[in-house]
Amino acid sequence: MDVTTVVIGAGHAGLAASHFLRERSIDHVVLERGEVANSWRRERWDSLRLLTPNWQSRLPGHRYEGADPDGYMTMGEVVDFVERFATVTAAPVRTSTTVTSVSYSGDRYDVLTSTGAFRARTVVIASGACNRPVVPAFSDAVPAAIEQFTPFDYRGPEKLPDGGVLVVGASATGVQLAAELQRSGRPVTLSVGEHTRLPRTYRGRDILWWMSTSGVWDQRYDEIDDLTRARRLPSPQLAGTADRSTLDLNTLTALGVQLVGRWAAIRDGKALFSGGLRNVFALADLKQQRLLDTFDALGVSDLPPPERFAPTTVPTASRLQLDLRSGEIRSIVWATGYRPEYDWLDVPVLDAKGRLDHDGGVLASPGLYALGLPVLRRRKSTFIHGIEDDARDVVDHLAAHLAHRP
Amino acid sequence: MTTVENGVNVQALLEARTALQGAPEAAQFTWRATSKWDHGVHSTTRVQQFFGLGAEQSHKAESVFDADHPAVFAAEDNGITPIEYLLVGLAGCLTAGVASVAQNRGIQLRSVDAVVEGKHDIRGILGADPDVRNGFNDIKVTFSIDADASKEEIEALVAQSQKRSAVFDALTNPTDVTVEVA
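Protein sequences appear in the order of chains A and B.
For the first sequence, my numbering gives the first residue as 1, with consecutive numbering after it.
For the second sequence, my numbering gives the first residue as 407, with consecutive numbering after it.
None of these hints come from the bench; they were simulated from the model.
On a predicted model such as this, the values are computed, not experimentally measured, just so you know.
Glycine included, C-beta positions come from ideal geometry on N, C-alpha and C.
Don't take each hint at face value.
One-sided excerpt, in silico: chain B residues whose CB lies under 7 angstroms from chain A [what the hints assert, rightly or not]: (1) A422; (2) T424; (3) T436; (4) E561; (5) A562; (6) A565; (7) T584.
No farther apart than 25 angstroms at their CA atoms in a straight line, the calculated lysine to any residue pairs in the SDA-like style are these [claimed, not checked]: (8) K525/B with V314/A; (9) K442/B with E462/B; (10) K546/B with D285/A; (11) K287/A with L459/B; (12) K557/B with N412/B; (13) K569/B with P199/A; (14) K525/B with T316/A.
Given the sequences, and given the hints that come with them, work out the whole structure.
The following block contains the structure:
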């Protein structure tokens with residue numbers, strides 16, 4: 001079937017693209033391997049809530065209208081929100097349609113799927129940034145008696161065996177799971193590498209209100225010094241909870257979580273952790289302070305005075321190794337990041353590390369675009385509300401491409 | 407921004423970073439040292455050649471290092487103890503990092519001093535207590551820095567220097583070490 005544009009993925013990014021394509025009367029289909037908002041339905045743990053407050057969660061022409069603007073959506077609420085957007089915009093979604101191949105020849109893209117083939121002039125890849133969990137290679141050396149989980153197969157503490165849990169990674173996923181597992185009565189050891197520390201609220205406002213008000217989130221990708229680093233930066237230590245509480249390492253220490261350094265290797269059945277814990281604390285504390293200083297410098301009036309947060313407490317005796325055969329650790333949760341997957345993409349637009357080599361969502365192959373990746377065109381691209389400006393810009397480019405190549 | 411002169415050619419380093427991003431094979435270096443036993447626990451180690459940027463390289467002169475044990479170890483003290491060389495390496499690496507980061511951030515340094523202390527329970531190497539490790543129990547580095555910068559900026563220099571330090575990484579993370587007989 002011939003179509004002008006194929007959009008791959010019916011998450012918030014693909015649907016936002018569809019919205020702007022429809023505005024321009026560009027005929028298109030949105031191909032979805034599962035259902036609308038599939039990753040939010042099937043690839044998240046039960047207690048997860050959005051990191052962004054409800055008032056900030058918006059899609060083009062579509063915003064939260066519930067009773068709790070300062071709250072954070074559950075996964076079920078996110079699914080409803082995205083689904084309503086799909087309905088309102090009448091997005092031409094084809095569900096249960098898995099893309100198996102995209103190739104380029106004769107100025108057209110051949111998109112093969114589980115339910116049929118498309119020939120399109122343009123393609124928007126909106127298949128997500130978190131298709132697969134990333135787990136270090138040395139996980140192969142973990143003794144078989146220890147059960148291993150990733151955020152994709154973790155749903156809640158009750159599925160884990162009783163006893164100690166080693167949570168690896170201290171970004172949003174790791175700190176949230178560490179807190180919930182420790183509260184379930186399982187003693188948690190958390191392996192901490194470089195991380196971004198943020199208070200949930202600052203001077204009475206959500207920290208993400210500050211990110212927005214200060215203009216940090218509107219910073220464009222071509223204005224960022226080290227874009228590679230910005231795009232790889234894991235999510236900050238935040239959780240969306242009813243009490244809007246901060247979930248930093250000091251919170252976890254107070255809960256009884258034991259902090260250790262970055263997990264570097266397994267040798268003779270022992271996990272070996274970095275001795276550089278103090279410095280990752282110092283880097284995160286200093287960075288948080290610099291950010292809060294820039295917020296204070298905005299001179300926003302009618303707010304409580306500036307706050308200063310205690311430095312991250314260094315454990316009195318941080319362990320450098322842990323015997324994985326001793327029975328102390330019964331399960332491991334790898335919160336070590338995610339990666340997109342493009343094994344269906346037969347157009348040479350990936351970099352040496354298997355990531356899309358794009359310029360603000362524009363790929364080197366004419367008519368091929370990406371949406372929904374971290375810092376795609378702005379710092380806020382990573383978040384749901386960041387998609388509107390990105391999708392508009394990318395569809396503008398796509399429309400210009402069509403106009404120049406009738 | 408006023409011109410800062412710490413003597414670090416940051417421009418060359420930034421250019422190298424850009425160039426090596428596209429040429430990972432040229433970034434593979436091998437550092438070498440050759441040692442010779444003298445007498446007792448005294449040995450002499452020489453360093454000059456290394457490999458990098460795809461070719462053999464050489465320092466402009468050979469450096470010679472004597473390693474020995476002090477008189478309290480009943481040795482002749484012809485040079486510093488091998489484990490002290492780790493402190494030399496750490497001090498040199500972190501200080502170089504501070505200077506480089508300061509240059510890159512436009513911070514003029516006036517003085518950078520560091521005291522490096524490694525806590526070592528020698529019952530380990532003597533075999534006096536099997537529960538005591540051979541190496542350092544912990545290392546502490548204390549920087550005193552005089553610079554045109556705030557306390558927070560100086561703390562950030564020192565933190566960034568650790569983040570990019572080869573020796574800090576080598577000491578804080580395990581390294582696979584092979585020792586064989588030729």
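* Satisfaction of hint between E462/B and K442/B, Cα-Cα up to 25 angstroms -> 22 angstroms, holds
* **Hint status (Cβ of T424/B to nearest Cβ of chain A, threshold 7 angstroms)** => 11 angstroms, violated
* Verify the interface restraint on T584/B: the C-beta must sit less than 7 angstroms from at least one C-beta of chain A. => Nearest chain A Cβ about 14 angstroms off; hint violated.
* Asked: CA of K557/B to CA of N412/B, is that 25 angstroms or under?
  -> Judged against 25 angstroms, a Cα distance of about 19 angstroms means the pair holds.
* Would you mind confirming whether the straight-line C-alpha gap from K525/B to T316/A stays at or under 25 angstroms? => 16 angstroms, holds
* Once the shortest beta carbon distance from E561/B to chain A is found, is it less than 7 angstroms? -> 6 angstroms, holds
* Quick one, are K525/B and V314/A close enough, alpha carbons at most 25 angstroms? -> 18 angstroms, holds
* Given hint P199/A paired with K569/B - CA-CA distance at most 25 angstroms -> 23 angstroms, holds
* Is the hinted pair K546/B and D285/A satisfied, with a Cα-Cα distance of at most 25 angstroms? -> 20 angstroms, holds
* Starting from K287/A, check that the Cα of L459/B is at most 25 angstroms away, please. => 34 angstroms, violated
* **Proposed interface contact between A565/B and chain A, which counts if any beta carbon pair is under 7 angstroms** => 4 angstroms, holds
* A422/B as chain A interface residue, shortest Cβ-Cβ below 7 angstroms -> Not OK, violated: A422/B not within 7 angstroms of chain A, min 16 angstroms.
Of the numbered hints stated above, those contradicted by the structure are hints 1, 2, 3, 7 and 11, listed in ascending order.
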